[in-house]
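> Residues per chain are reported as follows:
Protein chains: 2
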Amino acid sequence: MMSKVWNYYAGPCMLPDEVMDEAQRDFRNFANTGMGLVEISHRSAEFDKVAKDAEALLRELLNVPSNYKIIFEQGGGRGQFAAIPMNLLSENGTADYFVTGHWSRCAYKECAEKYGNAVLHECSYQDESGVWHVDYSKMTVSENSEYCYICLNETVNGIESFTLPDTKGVPLIADMSSDIMTRPIDVSKFGAIIFGLQKNVGPSGMTITIVREDLLGKARKYCPSILDWSVLSKFDSMYNTPCTFAWYMAYLNFKWIKNLGGVEELERRNIKKSKMLYDYIDSSDFYISKIAANDRSRVNCVFTLKDESLNDEFLKLSKAKGLIGLKGHKVLGGMRASIYNAMPIEGVQILVDFLKEFAASHS
Amino acid sequence: MMSKVWNYYAGPCMLPDEVMDEAQRDFRNFANTGMGLVEISHRSAEFDKVAKDAEALLRELLNVPSNYKIIFEQGGGRGQFAAIPMNLLSENGTADYFVTGHWSRCAYKECAEKYGNAVLHECSYQDESGVWHVDYSKMTVSENSEYCYICLNETVNGIESFTLPDTKGVPLIADMSSDIMTRPIDVSKFGAIIFGLQKNVGPSGMTITIVREDLLGKARKYCPSILDWSVLSKFDSMYNTPCTFAWYMAYLNFKWIKNLGGVEELERRNIKKSKMLYDYIDSSDFYISKIAANDRSRVNCVFTLKDESLNDEFLKLSKAKGLIGLKGHKVLGGMRASIYNAMPIEGVQILVDFLKEFAASHS
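If you read the protein sequences in the order shown, they are chains P and W.
Taking UniProt numbering, I'd label the letters of the first sequence as residues 1 to 363.
Taking UniProt numbering, I'd label the letters of the second sequence as residues 1 to 363.
Since the hints were made in silico from the structure, they are not lab data.
Misleading hints may appear alongside valid ones.
As the list makes no split between identical chains, a pair holds if one copy fits it or if it spans any two.
[Stated by the list, open to error] Using 30 Å as the maximum straight-line C-alpha spacing, the simulated DSS-like pairs for lysine-lysine come out as follows: (1) K316 to K275; (2) K321 to K168; (3) K330 to K234; (4) K109 to K221; (5) K234 to K114; (6) K109 to K258.
Note that the coordinates shown come from a computational prediction; the quantities given were computed from them, not determined experimentally.
Produce the entire structure from the sequences given, and follow the hints as far as they go.
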């Protein structure tokens, strides 16, 4: 048996011990059926219970109002980048994209290149000292806008938007793939929320859309049925065979979150964890965070070494110590520590200890 | 521990013991990383090896020519029903659909309702005695046809087409979701083959497209990137985060198939298994197969009780004996036993024993 490793991957990423233990224990005998969860029909009573329980827990944890539908689907965030305009944007309509980093820019491009009039609002900027800020003043709404799009946590850039723009009644569509269930939100403020499971609530292979029901029924004719929210909603997300394993793992994660005290407790933990990490980085003259204190992601801590020639050595040594996945996204370089819901405070303490140790031995 | 159950679900369905054991054993420590496979990044060296090994095994097992690309994607067969016309059909082009059952009809509808000129060829018929036949003579090619579509095994109907139509050089696109790797095929005879994993080669959550490379690069402008074969192929199926668990399970299944002797050995087993089951049904005056002997699926044995008032009793008793999933698809009624690659001959023998026993006690 190898020694304990700490997993800072940005997603897929570490899942709670309790979740992984239960999934492993029951892998060949789910709910005493004598079959594995992945071996039973998505139409079986046993799977149906998992599916419904997952939805009920999600509704409870996020306090989802009854006029919102919850859809479990395939295709990832990228699939939703296409689904959003195909479901919401009329042929001659306008959509506002509030871009704060890599993923909102990707969503903007998918819409602009394929589906119609997408207005790009550059909503983050670097000041003279190289520090990134979210610019909420740029989050303005076009005349005739049919929706406004925002990515609340930019996984690649490490930027999180904690304030919601005032869209003057135009539906706000949010990608919360990396911050869903890391803090309470008021779902009624959104037209739709989309998120992949693979950061805070499960493995890869499933995406969830929470959508206000009056926004359904407008999909373009050419929208593939598997991305048509109305079709999926009408069939309770069983229009086609879902990824049963991911749905089950979402259920286990939701159960875990409920047992520990819900998203309010997770927010307390995530504030504590991220503060511990940023406080050390700010106190050090070896590491730098280039993001304004108010706009720093609680779950993706992006930082650089002041002396970037030490990057390889840093990654080699951290890996040797069992700290995995600290390399930044290829579009940005530098380092990134993802400390999602499943990461205990101990894992952040160990990372800080390593940062100190490395700084001390390389200063 | 409950007693052994036998799983005849049509998919998701039973997987090989060896595959399930290995997946369970390594669930929390994949490849000695100290992390679960579902917890590691799809960009990690460890997952990259799984992905590449799965593709290499698939190429080897089906003898896929080098001018074919293999794409691992999300969205299921239903997703491909949209992807096929969006990738292959020009705006004013024609596509021929050879319909032999439920799923080819669904594929036809998705194309006809959303994407253009789809020609419906009814390629199965019921004779005067109520027996279903595949009518290969109806598989004709329209002038200016851009592709011909066929579903080689109709999971719902229990009909399998063992002869390929002569499409006069027009690309033949086949859905092989339920018969992939149940027998050798000559991939070079196809323009593309699509299949979901969840019958013969894994759990739900992943679809594979094998496509001749000269057919790439023609996707419609509005084709979502996640269904654009050219985009997915260019990024080695990592344009977006794949369902890593399903990809890994496909790898384990491919390895299992290779170890037991490849698809040739599976074909021998599948012939033997299906013959045992149909021979008994044909010999009985209690059960009926309404499909012509030459057109019967080797993997989905659809049958009815002569006295259909016994259906509920049959399902209740079979379940009590640990024989699960024998209820036919809702569109057809009756019974269906799915005996895919993972089903050992013992499972078929046990089913036949039960059929005999039930017939004896209810005649």
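> Each hint needs a verdict: does it hold in this structure or not?
Against the structure, the hints:
no.	hint	result
1	K316 to K275	within (26 Å within a copy, 58 Å between copies)
2	K321 to K168	neither (51 Å within a copy, 62 Å between copies)
3	K330 to K234	between (40 Å within a copy, 18 Å between copies)
4	K109 to K221	both (21 Å within a copy, 13 Å between copies)
5	K234 to K114	both (26 Å within a copy, 19 Å between copies)
6	K109 to K258	neither (37 Å within a copy, 43 Å between copies)
Hint compliance for this structure: hints 2, 6 are broken, all remaining hints hold.
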